[in-house]
Amino acid sequence: MMKKIIKKTFIFVFTIILFSACETVDYGDTNVDPSGPSAAVTSQLLTWAQSYMPSILVEEQSILYMQHITQGQYPGSSRYETLTNNYSSWYTDPIQNLNKIIEINSDTDSAAEALAYGDTNNQLAVAKLIRAYMLQYMTDKWGALPWTDAFQGIDNPQPRFDSQQSIYSYMFTEVDEALALIQTNSAGPVGDIMFKGDMNKWISFGNSLKLTMAIRVSDVDPSTAQSKLEQAYSSGTLPTTNSKNLLFNYGADDLSDSPWEDNFQTREDYIMSNTLIENLRSNLDPRLFKYAAPARDSVFGNPAFPGALDAGYVGAPNGKVNGNVPYFSFITSEIIYDPVYPSSIYTAAQVWLTLAEAAKNGWNVGGVSAADYYAGGIKASMDFWGVDAQEAQDYIDAHPYTGIDDIAYEKWVALYLNGPETWAEWRRLDAPNLTPSIYASDQRIPVRAAYDASVEDNNSANYADVISSQGPDNLHTKLWWDVK
Amino acid sequence: MIFSSFSVSLKLLILNTIKSMKNYQVIFLTFFANISFIFSQTTINGLVSDNQGLPLPGASIVEEGTSNGTTSDFDGIFTLEVSNNSSISISYVGYQTIIISSDGDFSQIKLEESNTLDEVVVTSFGLSREKKSLGYSQQSVGGEQLVKARETDIGNALAGKIAGVQIVGNNSSTFGASQIRLRGSDDVLYVVDGVRIYTPTDINTDNVADISVLKGASATALYGPEGRNGVIIITSKKGTSGKANFEIDQSIAINQLAELPPYQNEYGGGYSQSFNTFNYDPSVDPPSWASFDGQPYPDFYADESWGPRLDGTLVRHWDSWTPGTPEFGNLRPWVPSPNDIDTFYEDAITSNTTLAFSKADTDYNIRSAISYIDQQGIIPNSKNKTIRFNLNLNYNISDKLSFITNLNIEDREMLNNPDQNYGNLGSNFNQWWQRQLDFDRLKEYEEGGQIISWNSRGPRDGRPLYWDMPLFGSYENYKNFNKNSSYGKVGLNYKFNEKFNANVEVRKTFHSYVQDDRGTTKSTLDPAFFSEYHARNERTDFFGLVTYNDRFLNDDLTLNARLGGEKIEETYRLLSSNTNGDLTIPDFYNLSGSKDPVSSNNSATRQKRDGVFLTATAGYKGFVYLDGSYRYDWNSTANPDANRIETTAISTSFLAHELLPKNQILTFFKIRAGISEAPIFPEPYKTTSVYGVGDLYQGSGTLAVGSQQENPNLTGGIRSEFEVGTELQLFSSKIGLDISYFDRADNDIPVLVPLDGSTGYSSIIVNSGKQTTDGFEIALNGDVIDGENFKWRLGINYATLSRFVVELYEGIDTRDLSTYTSNMKLQERVGEEWGAFYGRGFTYDANGNMLFKASSGGNYYYSRTPNKYLGNLLPDFTGGLTSNMSYKNFDLTLGFDFQKGGKYYSRTERYYDHSGLALYTAGLNDKGNPLRDPVSQGGGVHIQGVLETGLDANGDPISDGTVVDAYVDPQNLYGLGNLGNIYENNLHDASYIKLRTVRFNYRFDKNITNSLNIEGMSLSVFANNLWLIDADLKWIDPSELEKRSGYNWAENGTLPRTRSIGANLKLTF
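As they're listed, the protein sequences go chains A and B.
Every letter in the first sequence is one number past the one before it in my numbering, and letter 120, counting from 1, is 120.
Every letter in the second sequence is one number past the one before it in my numbering, and letter 506, counting from 1, is 506.
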């Protein structure tokens, strides 16, 4: 026994000495994480990216800026208290996913493997269109953003910023490229929860996006604006009737349902703004009864409608601490309590009102007058919200088209709860005239979002560049397209 | 069992007799192992005492040059079988070691107190070494110090006793354990009898014989990557040779609320000082409410206290609306709460019972113990039950081969471990509350099958808006936690001869956690849910060590060399699942009851490591020692083409007093120094990346590109540390001083580099950067009084630590360590001290005047400076003071600890004044008027400063000097948009001084214990967390701050701190 032990000990000592000679030890695949796949399924990357759409479509910050609604006991954005916003997760989450879909479908070998999830060109087109849509949302919020230098990881940790102008020019190219790729006879992408692979809807989406981008740059680059808008119009694919509206539909389950429902499931933080309520009331706009619900507790506004139908509709002062929320109107209950009530992406009302402006500019949009497009926009909006046609006509008769401010006002009303688009168009058109919250410590409605402090810290040279070209990094520096 | 009722000398005689009978067993065993005796044996019996003749239990008696040894029992008595003509060393922590020849007299061994002169301490791999030979700082705490206060938390037990140990993060209202921070890091390795364990909560403090704290890399070099931040080595109690021993230890303690924030009691709940008037509406209201028309009622839906003055007005309270209930229809006065928040918390009892059995002889040593801790929480219906079993067994198969095994098992069941964080009870009472609420009326949360709450949405909608009744969560939303863990080892030791020894061990540590949580289907506030979580940690270590001891040059030169290797495999597995949407079946809590598809996550984390090392210690004439070690480590987490790290350590100890003439002033003077390295490997899975799998979205699967970029080139890195120190003993060793200075540099170790999201990634782990840490650690001990009967000994320790960020990554100068919104961040910044607070702060002009911004209606807002440097997490110094007094059989021990400097952020305070709960939100202003009165009527808070008139180039506010001297409405001033938005306002100094432990111990006289037929009996009265003597906010103990993303820096919704007082009875048979 003793001998055995001595022998074993010598073997042990020998093993250690031998082992010490090893430069490396082979641990096989020990260091590969088994909790996720190493190869991607493009359909699932797409669903993940699309699940970020509600973050744009139900962005509270811009809705509060636009005074459609305000806050109850806890005013924040309605007092412009959010001083910086971080753009990072847009890049790392949905857009990285879209980049990966594009990368996989751009390489012949991997594209062949991804064919199971839809036609290669259609996958490319959809990924590019959503990417452009998100990029427009981002640049309309922050202005200049890293793009040409972006997505290089540690190889380029300090990307340069692209100006908003060059981002717009990139987006126009991307949208055209995507539209050219679409094959309506081939399979749309699997995992497309927005339009279920219906490529005609994606054509409509692409052209609506192009229309929106075009009108946005109309003050700074009228020639591009005109040509792009006319192309979008002449495609004949814009949602010009409510049945063709591009909506984002929600799932019934808690992880896929409407953010509004999630908000109001346990809390009552948002109430109607008196700006919207009083505008609708003074204009005898029947959408008042569709947009809002009467206050729960019996405090009365100053009725204007016949029969004091609007007596229970009470808006709250913007940015005030409105602790007694039962005294105020809420957003209509079908929006805030129905988990599947859809969000609008592009609607007929929005298209008609944009075309009204194009007509006013004298662009070639079918020879229809600005006034007719304007009236059509109002009709489409009223129809969408279930207002009786005669009531809509009465409203139009009472509010004839007189100029661009009417279009701006009607856009502000029609884009109800679509915060980013309302905010962008309000900044561009400088109408309607909204009074900043008197409860804010800085009584100016923001016209952009400021970059997160980490940009200044970790990308300082490029940050300094962007400030010198774009202007101070605060909430009041106007963006490239916002010239007036 | 021996029930002793004899005198000590008589007992020794009997022990001798029994001992000689036991020899027969020894011979039998050795015969069985087919090995015969080479040396003849003799049995020694003895008694160890201090120089006053008081017995020293737990003294170590070792046959020199062997592993043969024992410890003395409760009365200082021991028995040991030893070789003839051997040398026997008798040692005890804090006393001088004596060496006696095996044929000498052991009957009255008196040890002189020594501090460090010849102290034997536990070092790496449990090796006992003379403290004087160590070239690095090492400090010990004896197990007896833990037992008297029945401290179940090893961190608290060490608080204040060891220089450089900081205690962080466990609120005393919860069942969690605190953590020890050594030299700035709380990722400390705990080793129990050679076995590496996951968490200090695995340790049964009743079982601890000795805790040895190794702080620097020189001391921990042999532990490789895991020991880099320090190692706490715990040695369990062993049996006493020659006798059976049975111990019962029972303590009972009461844990009580210690402190709540000071509240105002002048104004009740509400958003404004007027009541609502009820307008009876027959179309919606019940006829029984008709008489309520025109009556006042408060804002039930408000969870703030800006309401009407508590002036006795008769109002309709929240509980007066439901027909058929006792308060229906009653108007009650609006007055301060007769039963306030303090009445909610319970006095929680903890019972701790330990039974231990031990027996040992020359050829075996066995000790087993079972403990049962039954602990209640101060929050109703919370409890924690822990059973721990330990077994330590050593036996000699032959005189050369011995077998070592130990096993520790824990079974823990916890119900409703109190949550801290935002949204829980602490946050409810201190952040969102109506001051007039009477807790006697809040006990019932269900009435006639309806869930009721004081925070209803209004008279016509009884559903709670933000809060249920305080007891609702405790009795409806159960959280169960169950832990099963075990750790232990089996080992063989083979002694070839006096020079060579070999040791092989297999060690295993295993943890399994099962946790569930539920939201009741009764709730009208939140959807019901159920979640379950299973986690399993496992590690297996194979370890081998060959030791060589020799002496040269006429024994002047001693050499001790070790060659060892280890192979470690770790696995962590997790399965967690939760329901979505709601639960479909009332009162049924199961994943299968989910309304929407269940979310699940399962993952596994594996890593493998190998290490080999060679270490040697040489000593010359007992006054100079040199230690060297060389180590290789391989780790599966590094780039496979470069997964080895090579590290070395050298340290020396020089005993300068040996060169001085013998004197009574400087009796001991040691100088030590060392340079060492420690390997640091990446976490698993950083060299490759996989897609993240998300939940189903609208029925489709989801995948995401990982947000952390993979780094295939990632390798391990090296920490280097220099340490120098001295140990001094003065005035016949009445005063001892130990000073260390260390300087550590982390160079190109794997670090997380934050990436701007536009790079496509949020971060990457790279070998980069440089951070340096240095500090002093000083311990001073001395006898204040050293009389015949009365002794008073004081120990004070003090440590500083500063950590500096030299480099992160080229171009990246800032990294968030943890954030609380983007307006309050804990950061590391290049060129600054680590742990900086940056956030939204106050603005002052050059003359120190506060800037205010004017707003409409005569309102003023505090001007704010964004991204302002606000302070630092690291304290200037930490320390403790321990006082031990003894008079005859009485001992009194006081343990203080303190910290100077450092900051923390309090979210509780942010809402505590925002919601009008704080004492200072009411009362009179400097004009003598109620400050809540309208400003136009003389109310308001007086503000003075200058007016903001623009911004400078950095966007920071500036003033033209216009004076602001005004009164401002407090509800606006303390509101979220004003002072509530100045995060600096809630940043506090983390300095504190605290009397953490007091214990008073009485050891019963022999004549009493003898008459009771027992061997020993002692009674202690103890108090833990007794007195927070000074702190910035007296209701927040900075040493109890919760953790936020790994750092104890921001308090989110803290529960009150508590104190416990108890008594302990220990009986030995």
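Derived from the structure by calculation, the hints contain no laboratory data.
This one's a predicted model, so the numbers in the text were calculated from it and none came from an experiment.
Even for Gly, the Cβ is constructed at its ideal location relative to N, Cα and C.
Don't take every hint at face value.
[Said to hold, decoys possible] Below, in silico cross-link-like pairs of lysine to aspartate or glutamate (EDC-like), each with a Cα-Cα straight-line distance of 16 Å or less: (1) B:567 with A:26; (2) B:608 with A:26; (3) B:868 with B:816; (4) B:888 with B:786; (5) A:320 with A:26; (6) B:853 with A:81; (7) B:853 with A:442; (8) A:8 with B:505; (9) B:508 with B:410.
[Unchecked claim] Covered by chain B, according to a simulated footprint, are these stretches of chain A (three or more residues, beta-carbon under 8 Å): (10) 6-17; (11) 234-243.
Hint-by-hint comparison with the structure:
Between residue 567 of chain B and residue 26 of chain A, the direct Cα distance comes to roughly 14 Å. Compliance with the 16 Å bound is thereby established for this hinted pair. About 10 Å separates the Cα atoms of residue 608 of chain B and residue 26 of chain A, which keeps this hinted pair within 16 Å; it holds. Between residue 868 of chain B and residue 816 of chain B, the direct Cα distance comes to roughly 14 Å. Compliance with the 16 Å bound is thereby established for this hinted pair. Distance hint between residue 888 of chain B and residue 786 of chain B is fulfilled; the C-alpha atoms sit about 12 Å from each other, no more than 16 Å.
Of the pairs offered as hints, the one joining residue 320 of chain A and residue 26 of chain A is violated, with about 65 Å between alpha carbons and a cut-off of 16 Å exceeded. This hinted pair checks out: residue 853 of chain B and residue 81 of chain A have alpha carbons roughly 14 Å apart, not beyond 16 Å. Distance hint between residue 853 of chain B and residue 442 of chain A is fulfilled; the C-alpha atoms sit about 9 Å from each other, no more than 16 Å. Of the supplied pair hints, the one linking residue 8 of chain A and residue 505 of chain B holds, its CA atoms being roughly 14 Å apart against a limit of 16 Å.
Note on residue 508 of chain B and residue 410 of chain B: the hinted pairing holds, with a Cα-Cα distance of about 14 Å set against a maximum of 16 Å. Only residues whose beta carbon comes within less than 8 Å of a beta carbon in chain B count, and the stretch 6-17 of chain A has 6; three or more means the coverage holds. A stretch counts as covered by a chain when three or more of its residues have a beta carbon under 8 Å from one of that chain; for the stretch 234-243 of chain A and chain B the count is 0, and the coverage is violated.
In this structure, the earlier hints numbered 5, 11 are contradicted, and the remaining ones agree with it.
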